[in-house]
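K.L.:
If you read the sequences in order, they're chains A and B.
Residue numbers for the first sequence follow the UniProt record's numbering, so the first one is 1 and each next one is one higher.
Residue numbers for the second sequence follow the UniProt record's numbering, so the first one is 1 and each next one is one higher.
Some clues are possibly wrong.
Cross-link-like lysine-lysine pairs, in silico, DSBU-like; alpha carbons within 30 Å at most [said to hold, decoys possible]:
#  : chain 1 : residue 1 : chain 2 : residue 2
1  : A       : LYS127    : B       : LYS162
2  : A       : LYS127    : A       : LYS140
3  : A       : LYS182    : A       : LYS121
4  : B       : LYS84     : B       : LYS162
5  : A       : LYS140    : A       : LYS108
6  : A       : LYS181    : A       : LYS171
7  : A       : LYS22     : B       : LYS84
8  : B       : LYS84     : A       : LYS108
9  : A       : LYS70     : A       : LYS127
10 : A       : LYS217    : A       : LYS182
11 : B       : LYS162    : A       : LYS140
12 : A       : LYS114    : B       : LYS84
13 : A       : LYS127    : A       : LYS171
14 : A       : LYS114    : A       : LYS127
15 : A       : LYS181    : A       : LYS140
16 : A       : LYS22     : A       : LYS217
17 : A       : LYS217    : A       : LYS228
18 : B       : LYS84     : A       : LYS140
19 : A       : LYS114    : A       : LYS182
20 : A       : LYS108    : A       : LYS127
21 : A       : LYS70     : B       : LYS84
22 : A       : LYS182    : A       : LYS171
23 : B       : LYS162    : A       : LYS114
24 : A       : LYS108    : A       : LYS121
Everything labelled a hint here was simulated from the structure, so no lab data went into it.
All values reported here derive from a predicted model rather than from experimental measurement.
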Amino acid sequence: MSAILEIRDLRKVYDGGFEALKGVTLDIEEGEILALLGPNGAGKTTLISTLCGITEPTSGTATVAGYDIKTQYREARKLIGLVPQEINLEPFSYVETNLHFSRGIFGKPRDTAKVEEVLRKLALWEKRSNRVRELSGGMKRRVLIGKALAHEPRVLFLDEPTAGVDVSLRKEMWDVVAELKKQGVTIILTTHYIEEAEAMADRVAVIRGGEILMVEKTGDLMRRLGRKELTVELREPLAEIPAPLAEYDLELSADGLSLTYRYDTQADRTGIAGLMRAFSEAGIILRDLHTSQSSLEEIFVGLVEGEGEAQ
Amino acid sequence: MNLRAVQAIYMNEMQRFFRTILQSFVSPVISTSLYFVVFGAAIGSRIETVEGVSYGAFIVPGLIMLSVIMQSISNASFGIYFPKFTGTVFELLSAPINFLEIVIGFVGAAATKALFIGMVILGTAAVFIDLTILHPVAMVLFLVLTCLAFALLGFIIGIWAKNFEQLQLVPLLVVTPLVFLGGSFYSTEMLPPVWQTITHFNPVFYLISGFRWAFFGVADVAVGWSLLAVAIFFAICLGLVARIFQTGWRIRD
Chain A
1 MSAILEIRDL
11 RKVYDGGFEA
21 LKGVTLDIEE
31 GEILALLGPN
41 GAGKTTLIST
51 LCGITEPTSG
61 TATVAGYDIK
71 TQYREARKLI
81 GLVPQEINLE
91 PFSYVETNLH
101 FSRGIFGKPR
111 DTAKVEEVLR
121 KLALWEKRSN
131 RVRELSGGMK
141 RRVLIGKALA
151 HEPRVLFLDE
161 PTAGVDVSLR
171 KEMWDVVAEL
181 KKQGVTIILT
191 THYIEEAEAM
201 ADRVAVIRGG
211 EILMVEKTGD
221 LMRRLGRKEL
231 TVELREPLAE
241 IPAPLAEYDL
251 ELSADGLSLT
261 YRYDTQADRT
271 GIAGLMRAFS
281 EAGIILRDLH
291 TSQSSLEEIF
301 VGLVEGEGEA
311 Q
Chain B
1 MNLRAVQAIY
11 MNEMQRFFRT
21 ILQSFVSPVI
31 STSLYFVVFG
41 AAIGSRIETV
51 EGVSYGAFIV
61 PGLIMLSVIM
71 QSISNASFGI
81 YFPKFTGTVF
91 ELLSAPINFL
101 EIVIGFVGAA
111 ATKALFIGMV
121 ILGTAAVFID
131 LTILHPVAMV
141 LFLVLTCLAF
151 ALLGFIIGIW
161 AKNFEQLQLV
171 PLLVVTPLVF
181 LGGSFYSTEM
191 LPPVWQTITH
201 FNPVFYLISG
211 FRWAFFGVAD
221 VAVGWSLLAV
231 AIFFAICLGL
241 VARIFQTGWR
251 IRD
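Next comes chain A alone, as it looks inside the complex (with noise of 0.2 Å):
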């Protein structure tokens, strides 16, 4: 797979002097689902923005497909569809019509069997006479994808595509965007939903204070930050922690029942071993054990904070 956008030192200082993007620097690849995760304020939608036109940048360059987005805009936006975070609808426009006219200002001709399938895959075929205000906020949202797709672009921008959506609604927006993932659509979508960079991304750009943490697989990401917590229930109470199992840290439940181990997936020894050994040594009887994986919620803010200290 090859890098469909290329984004280089990309950096956006606005008018009263507030830099809200600092040299960002990121590949996305053809094909793939990146979720752009961060805090409110963090710079999500300035580089969004920028990428897509609506924002001029201060310096630094990006291409879509090879094509400068400032110098050869024009081939560069054809290629990208953008979904915004607010529903900017005009009210009393119809359905249809929306589409038709997002296709038409993107420089496409008139294509009614085009707009008939976009429509039919948002399952708004059937509303596709009514006026936009007529409409759920789901449907409104389903609206603005539509018109993102309307051109056939192959680089889609989600900004924050399920905030403030119900769960059901928000599993509805991610099966659209795993459709349209398998289509062979690059995606970006930022969001502040630590699940659902976690549902859906390959990989994660985690971006705070206009610059960008890192970027890694969604997968390694967990493994490489994700701590384990091993909770073990007992078959009696303790009052308090034994002394032969004082140097293993561990955290004991208000009722003496359960205990609790943290460790590192990643480190060399994980001192599980030693715990059990020491556990019956202690001669205490494990009632049962079990383990869970943080998610990438506590990982990120673990990274966030773990940033904040090292300022």
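Here the structure of chain A is known, so what remains is to put chain B in place on it, guided by the hints.
P.N.:
This is chain B only, laid out in the frame that chain A set:
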């Protein structure tokens, strides 16, 4: 040139017009009729002729100009302001089009609508009075240039406006006085000398004078000056739009 985009914007704007075609058609017919009842019949019956033209006929060019200027401005300013207001402007900014194409689409549609309304007024007027147009080509030229120039001005206002109040402000406080004081309903020769001089600084005065010349062959100033004034006004608006395009003022961060 992304002609499909220009067409898409133009047609999208025109669709809004077609959706409300009845209002677009009926309201100028009614207001024009009212003007004729009040100015033509009630007042006009006491004035008889101005510069050798019956007062009823004399006010027709001014009446058309008044509506066409207001319509051009409001259509174009609303046309570009509304996407800013609803947020759909993001799509125009992210599309493979340049500012010139956006301007042609919006301004072209606004001018078309104004032109249509100008024609409706002309038709309504013809019902009330005998109208002769001495220079039809010049008449159409003046009308089209006026529509385009003021649609450009409206576009600039729409870009500049940050809310609906500002959208109304310039037409209300600047354009309406200019149009009324530009000799829509009178010959400037009827004014005291001081006001005659002041009137010569009003660009709309030249428009109405030239437009009236196209109808009756009489004018307050030579028609060449009128054409020059329209051309200069058009050029200023075009220059401003080009400047906005270069700087991305109030549209692009």
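K.L.:
Against which earlier hints does the structure fall short, listed by number upward?
P.N.:
1, 9 and 23
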